[in-house]
Amino acid sequence: MATETKATTKVKSRTLFQETWRRLIKNRGAIVGMVFLILLIAVAVLSPVLFDYETDIIGQNMAEALQPPNAAHWFGTDEYGRDLFARVLYGARYSLIIGVGAVMLGLIVGTILGSAAGFKGGITDSIIMRGIDIFYSIPNIMTAVVIVSLLGTSTVNLMIALAFSCASSFARIVRASVMTIRDQEYVESSYAMGLPTWKIIVKHILPNCLSPIIVQITLLIGTTIISASSLSFLGIGVPAPAPEWGALLSAGRGHIRDASYMCVIPGLAIMFTVLALNLLGDGLRDALDPKLKK
Amino acid sequence: MNEDLVLQIKDLVVHYETEDADVHAVNGIDIEIAKKRTLGLVGETGAGKTTTALSILNLVPNPPGVIKQGEIWLDGENVLEMKPHELEHMRGNDVAMIFQDPMTALNPVMTVGDQIGESIMLHQGLDKKAAFEKAKEMLKMVGIAESRAYDYPHQFSGGMKQRVVIAIALACNPKLLIADEPTTALDVTIQAQVLELMKQLIREKEMSMLLITHDLGVVAEVCEDVAVVYAGRIVEKGTADDVFNHMRHPYTEGLFDSLPNLKQRGEELVPIQGLMPDPSDLPPGCAFAPRCPYATEACTKAVPALQSVEGSATHFVACTAYADPDFKLRRNRDGK
Numbered sequence: 000m001a002t003e004t005k006a007t008t009k010v011k012s013r014t015l016f017q018e019t020w021r022r023l024i025k026n027r028g029a030i031v032g033m034v035f036l037i038l039l040i041a042v043a044v045l046s047p048v049l050f051d052y053e054t055d056i057i058g059q060n061m062a063e064a065l066q067p068p069n070a071a072h073w074f075g076t077d078e079y080g081r082d083l084f085a086r087v088l089y090g091a092r093y094s095l096i097i098g099v100g101a102v103m104l105g106l107i108v109g110t111i112l113g114s115a116a117g118f119k120g121g122i123t124d125s126i127i128m129r130g131i132d133i134f135y136s137i138p139n140i141m142t143a144v145v146i147v148s149l150l151g152t153s154t155v156n157l158m159i160a161l162a163f164s165c166a167s168s169f170a171r172i173v174r175a176s177v178m179t180i181r182d183q184e185y186v187e188s189s190y191a192m193g194l195p196t197w198k199i200i201v202k203h204i205l206p207n208c209l210s211p212i213i214v215q216i217t218l219l220i221g222t223t224i225i226s227a228s229s230l231s232f233l234g235i236g237v238p239a240p241a242p243e244w245g246a247l248l249s250a251g252r253g254h255i256r257d258a259s260y261m262c263v264i265p266g267l268a269i270m271f272t273v274l275a276l277n278l279l280g281d282g283l284r285d286a287l288d289p290k291l292k293k
Numbered sequence: 000m001n002e003d004l005v006l007q008i009k010d011l012v013v014h015y016e017t018e019d020a021d022v023h024a025v026n027g028i029d030i031e032i033a034k035k036r037t038l039g040l041v042g043e044t045g046a047g048k049t050t051t052a053l054s055i056l057n058l059v060p061n062p063p064g065v066i067k068q069g070e071i072w073l074d075g076e077n078v079l080e081m082k083p084h085e086l087e088h089m090r091g092n093d094v095a096m097i098f099q100d101p102m103t104a105l106n107p108v109m110t111v112g113d114q115i116g117e118s119i120m121l122h123q124g125l126d127k128k129a130a131f132e133k134a135k136e137m138l139k140m141v142g143i144a145e146s147r148a149y150d151y152p153h154q155f156s157g158g159m160k161q162r163v164v165i166a167i168a169l170a171c172n173p174k175l176l177i178a179d180e181p182t183t184a185l186d187v188t189i190q191a192q193v194l195e196l197m198k199q200l201i202r203e204k205e206m207s208m209l210l211i212t213h214d215l216g217v218v219a220e221v222c223e224d225v226a227v228v229y230a231g232r233i234v235e236k237g238t239a240d241d242v243f244n245h246m247r248h249p250y251t252e253g254l255f256d257s258l259p260n261l262k263q264r265g266e267e268l269v270p271i272q273g274l275m276p277d278p279s280d281l282p283p284g285c286a287f288a289p290r291c292p293y294a295t296e297a298c299t300k301a302v303p304a305l306q307s308v309e310g311s312a313t314h315f316v317a318c319t320a321y322a323d324p325d326f327k328l329r330r331n332r333d334g335k
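Line by line, the protein sequences are chains Y and S.
Numbering-wise (numbering that gives the first Met the number 0), the first sequence opens with residue 0 and increments by one.
Numbering-wise (numbering that gives the first Met the number 0), the second sequence opens with residue 0 and increments by one.
A hint or two may mislead.
[What the hints assert, rightly or not] Below, in silico cross-link-like pairs of lysine-lysine (DSS-like), each with a Cα-Cα straight-line distance of 27 Å or less:
no.	chain 1	residue 1	chain 2	residue 2
1	S	133	Y	202
2	S	82	S	174
3	Y	198	S	300
4	Y	119	S	82
5	S	34	S	198
6	S	128	Y	202
7	S	174	S	35
8	S	82	Y	202
9	S	174	S	204
10	S	139	S	67
11	S	133	S	35
12	S	174	S	128
13	S	204	S	128
14	S	128	S	139
15	S	139	S	35
16	S	127	Y	198
17	S	198	Y	198
18	Y	202	S	127
19	S	300	S	262
20	S	133	Y	198
21	S	133	S	67
22	S	174	Y	198
23	S	9	S	128
24	S	34	S	133
25	Y	202	S	139
26	S	300	S	327
27	S	67	Y	119
Since the hints were derived computationally from the structure, they do not count as laboratory data.
The model shown is predicted, which means the values in this text are computed figures rather than measured ones.
Just chain Y, same shape as in the assembly:
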């Protein structure tokens, strides 16, 4: 016995987080996505310092209207002479806040519903999941339109509207994971240990469902950013003159023949952000569950 314990003290201890990180940084796509997102977050955080909202972002300067990209205005200017570069960078704030906010809100609600359904099973499960199925069968955008028109257009209301669809996909994922973890022997043994049920769910079941949830978070933020932009494009998202990317696209729509950069640049911003999130999400999925990888 003594030799056994001695030999084992040398075992290198790695937490699951370190293990995942080690595998994640081997994935080139994930690295690219991550670097892009870090830059984007930095820009979003710093943009109020770099630009003054009143003068640089919404201040109009008709003399410089509709200039194509040049040395002074890297992304050109819009029809009111506002610098598109500043507006696109500033717009990252809206997209990220709405994307992350809606997903987090959906995560909380979805996790509660999903774990209740998965853990309780039976009639509770049927009621919750059938409700979510009904919700799922209505197109996301339509639900969002209804909610926004009920609550009024604002950034927070947009977030709430988008959180609904996030909640239903989280609920499904959490329910499925909880159902498989629920019957594991360590859950039974926590009962035998005298742990109260809520503690078992929070400490033993949910942490074991974390991998699919993390992956879903990154992928859903991307989808939500697109939905938010679509709603702004339709004019029911973030109200003008805030430089939300979808709103920028919408503003450029009228000038797509003469000043196509007004559409192309915000479009690319959305595309790269979502692409980066998806790359990171794919990388995370492989890193968290190496068995899935071909």
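Take the given structure of chain Y and dock chain S to it, following the hints.
Quick look at chain S alone, frame taken from chain Y:
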């Protein structure tokens, strides 16, 4: 109830009621475990051993499991009448359970130190840090270096995981330890080590143990008392000496006949004929009768009651054949 008994189960009946069938898992089991004694519950897979164990903690999965009748007295309290918070207090504190498969009995995303500490925090009211220190002591007690408290279950071998599981179970000094086939998933050398460890710890901590197993060798090594279960009923019980050396029930004899004999290696094994009856469709009378070489018509008429063996205060058997005072098992015929 008797003061010296840690556990007394009276006439426990547990059914699993599914849509297809009503499975009679446990059909009137009586068990007593005295202080500092170890009882081995022996029987085939599906005989109702684990269900009995789960009933003690009132953890029979419901639905479909229903405890139909019976009383389970644990240190003067009836488990089946406990309120939820009393149950939570009892579980882990008064009674702890070791599960069969150490590979799945530990949470993969928690360090073993945290997992041992969890039950200490819950039942002894220590803060996280103190509980972790205590967890390290427990690890040392089961022969694992304290520094490994920070490691995750996947970094341990099967035998070491079972040691961790034992450490969790013993962390709060329970009065009764239920071990559900604790060594089935381990290889033979590790089995011996783990059993030795359990024996030693139980002696040190003056606990009682209910050991569930289908391995008669394990019983011989660890248990003072033995109860043989067949189809949810106890067919024979007594001290290890009673059951191993003076067995009375044909089923017990069948179990021993089907073990290889080290002294006569060439000898053929004698299996028990047939299969265990389907617990959702038990035969009338003695459930063992259809497989029993001694069975008579009387066996199918009534379920035999557990009766004391003549001249013994500890040995009980449930067999109709003993109505005939001259009846003896084949094993007992010559020499005794």
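Status of the hints after comparison with the structure:
Between the alpha carbons of residue 133/S and residue 202/Y the distance comes to roughly 20 Å, so the proposed pair stays at or under 27 Å and holds. At most 27 Å may separate the alpha-carbon atoms for a hinted pair to count; residue 82/S and residue 174/S meet this at roughly 20 Å. Proposed proximity of residue 198/Y and residue 300/S is contradicted: the alpha carbons are some 51 Å apart, above 27 Å. Distance restraint check for residue 119/Y and residue 82/S: the Cα-Cα separation of roughly 20 Å lies within the 27 Å cut-off, and the hinted pair is therefore satisfied.
The straight-line distance between the Cα atoms of residue 34/S and residue 198/S is roughly 15 Å, inside the 27 Å bound, and the hint therefore holds. Restraint check for residue 128/S and residue 202/Y: satisfied, since their Cα atoms lie roughly 17 Å apart, inside the 27 Å limit. As the CA atoms of residue 174/S and residue 35/S are separated by approximately 9 Å, the hinted pair is consistent with the 27 Å bound. Using a Cα cut-off of 27 Å, the hinted pair residue 82/S and residue 202/Y holds, with the two alpha carbons roughly 23 Å apart.
With a CA separation close to 9 Å, the supplied pair residue 174/S and residue 204/S stays within the 27 Å bound. Between residue 139/S and residue 67/S, the direct Cα distance comes to roughly 43 Å. Violation of the 27 Å bound is thereby established for this hinted pair. Between residue 133/S and residue 35/S the CA atoms are separated by roughly 24 Å; this keeps the pair inside 27 Å, and the hint holds. Simply put, residue 174/S and residue 128/S have alpha-carbon atoms about 25 Å apart, close enough for the 27 Å limit, and the pair holds.
A distance of roughly 24 Å separates the Cα atoms of residue 204/S and residue 128/S; the hinted pair therefore holds under the 27 Å criterion. Pair hint residue 128/S plus residue 139/S holds up; C-alpha atoms about 17 Å apart against a cutoff of 27 Å. Between residue 139/S and residue 35/S the alpha-carbon distance is near 23 Å, which keeps this suggested pair within the 27 Å criterion. A hinted pair counts as satisfied when its Cα atoms are at most 27 Å apart, and residue 127/S with residue 198/Y qualifies at roughly 15 Å.
For the hint pairing residue 198/S with residue 198/Y, the CA-to-CA distance comes to about 32 Å; that exceeds 27 Å, so the pair is violated. Distance check on the hinted pair: residue 202/Y and residue 127/S sit about 14 Å apart at the alpha-carbon level, within 27 Å; holds. With a CA separation close to 40 Å, the supplied pair residue 300/S and residue 262/S exceeds the 27 Å bound. Taking the CA atoms of residue 133/S and residue 198/Y, the gap is near 21 Å; set against the 27 Å cutoff, the hint holds.
A distance of roughly 40 Å separates the Cα atoms of residue 133/S and residue 67/S; the hinted pair therefore is violated under the 27 Å criterion. Restraint check for residue 174/S and residue 198/Y: the C-alpha separation of about 24 Å stays at or below 27 Å, so the hint holds. Simply put, residue 9/S and residue 128/S have alpha-carbon atoms about 42 Å apart, too far for the 27 Å limit, and the pair is violated. Using a Cα cut-off of 27 Å, the hinted pair residue 34/S and residue 133/S holds, with the two alpha carbons roughly 26 Å apart.
For the suggested pair residue 202/Y and residue 139/S, the alpha carbons sit about 25 Å apart, so the restraint of at most 27 Å is met. Annotation: proposed proximity of residue 300/S to residue 327/S holds, straight-line Cα distance about 21 Å (limit 27 Å). Only pairs whose Cα atoms come within 27 Å are accepted, and residue 67/S paired with residue 119/Y is accepted, the gap being roughly 23 Å.
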